[in-house]
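Student: Sequence order for the protein chains is A and B.
All residue numbers in the first sequence are consecutive under numbering that gives the first Met the number 0, ending with 123.
All residue numbers in the second sequence are consecutive under numbering that gives the first Met the number 0, ending with 143.
The set of hints was computed from the structure by calculation and includes no laboratory data.
Be a bit skeptical, because a hint or two may be false.
Pairs of lysine to aspartate or glutamate, DMTMM-like flavour, derived with a Cα cap of 25 Å [claimed, not checked]:
hint	chain 1	residue 1	chain 2	residue 2
1	A	15	A	92
2	A	15	A	85
3	A	15	B	109
4	A	89	B	18
5	A	15	A	101
6	A	15	B	18
7	A	15	A	96
8	A	89	A	101
Given the structure is predicted, the values throughout are model-derived calculations rather than measurements.
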Amino acid sequence: MSLKRNVSLATGLRYKGQGPMLTYVLHRIGGLGMAIFITVHILASFLGGDIGGFINDIYENWLFQIFIFFCALFHAINGLRITILDLFPKLIEHSREAIWIEWAVFIPVFGLSVLVIVQSALGG
Amino acid sequence: MAARKSRNLPLGKRGLNFEMLMWLFTRLTALAMYGLILAAIIGALIMGARTQMNMADVLRWGFMPNSTHVQSTNLEDLAPWSTPFWRVTGSLLLLVAVAHGVHGLVVIADDYIVSARGRNIVRILSIIMMISMILIGLYILWTS
Numbered sequence: 000m001s002l003k004r005n006v007s008l009a010t011g012l013r014y015k016g017q018g019p020m021l022t023y024v025l026h027r028i029g030g031l032g033m034a035i036f037i038t039v040h041i042l043a044s045f046l047g048g049d050i051g052g053f054i055n056d057i058y059e060n061w062l063f064q065i066f067i068f069f070c071a072l073f074h075a076i077n078g079l080r081i082t083i084l085d086l087f088p089k090l091i092e093h094s095r096e097a098i099w100i101e102w103a104v105f106i107p108v109f110g111l112s113v114l115v116i117v118q119s120a121l122g123g
Numbered sequence: 000m001a002a003r004k005s006r007n008l009p010l011g012k013r014g015l016n017f018e019m020l021m022w023l024f025t026r027l028t029a030l031a032m033y034g035l036i037l038a039a040i041i042g043a044l045i046m047g048a049r050t051q052m053n054m055a056d057v058l059r060w061g062f063m064p065n066s067t068h069v070q071s072t073n074l075e076d077l078a079p080w081s082t083p084f085w086r087v088t089g090s091l092l093l094l095v096a097v098a099h100g101v102h103g104l105v106v107i108a109d110d111y112i113v114s115a116r117g118r119n120i121v122r123i124l125s126i127i128m129m130i131s132m133i134l135i136g137l138y139i140l141w142t143s
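The following block holds chain A by itself, in its conformation from the complex (with noise of 0.2 Å):
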């Protein structure tokens, strides 16, 4: 059951995984973001009164929100790469193409949504 790594943390930081790893890591990021943001956001609305009300006031913060949304976004255009790519296992072959249509996809769309946030948090 122990299982022994024989790769020390500086060796994995120097990987170069190019674009599947940076998918990898954002997918990661993006998942543990999502997690941590949806507990403290129920715990925050069953308790309510003052912890509550600060809690809301953090993640009604615009730069909250562009992180958040970078997180559920991106977790869930790269989810829906991974699921197509392994229920389809002959798609593999294109999985360098699925990544840059999945960049194609999320660049436009995330881009739009950061403009209309700043634009609402610079009161426009």
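Got chain A; can you put chain B on it based on the hints?
Tutor: Same frame as chain A, now just chain B:
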């Protein structure tokens, strides 16, 4: 080469264990969440979101169809937004999302915690977290 060979194995010899089932579960719940969120957004548009809400509020409703998520909009009547249908949809989304998320946390923890004892503790904590978040979430959904 090894990967190609294992794909031809019959199901019984492929090592069908809990982790493999959870691997499939993660993919299927991802699709289920897409379906539920899409249903919530389509429902919002049918119930008049097109003229009484902005895009951000529709998305907020989509990620969790709970009537408190739309109470600060221009809606005149919140009654159609807090029907049992939407509470059941929200409960399903909660169950699926919590299971998907907590399993994801276990997968991440397993990458860094490698002792058998540590992994057992992670599993016990994850089950406690899953049950408590589901209970608290259901309480909020059905009392709001």
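Student: If a hint holds in the structure, say so; if it doesn't, say that too.
Tutor: These are the hints, each one checked on the structure:
This hinted pair checks out: residue 15 of chain A and residue 92 of chain A have alpha carbons roughly 21 Å apart, not beyond 25 Å. A threshold of 25 Å between alpha carbons decides the hint, and for residue 15 of chain A with residue 85 of chain A the separation of about 23 Å falls inside it, so the pair holds. Taken as a hint, the residue 15 of chain A and residue 109 of chain B pair is honoured in the structure, with Cα atoms around 22 Å apart against an allowance of 25 Å. Restraint check: the Cα-Cα separation between residue 89 of chain A and residue 18 of chain B comes to about 23 Å, which is no more than 25 Å; the hinted pair holds.
Of the pairs offered as hints, the one joining residue 15 of chain A and residue 101 of chain A holds, with about 20 Å between alpha carbons and a cut-off of 25 Å not exceeded. Distance hint between residue 15 of chain A and residue 18 of chain B is unfulfilled; the C-alpha atoms sit about 28 Å from each other, more than 25 Å. Restraint check for residue 15 of chain A and residue 96 of chain A: the C-alpha separation of about 19 Å stays at or below 25 Å, so the hint holds. A C-alpha spacing of about 18 Å is found between residue 89 of chain A and residue 101 of chain A, which places the hinted pair at or below 25 Å, so the restraint holds.
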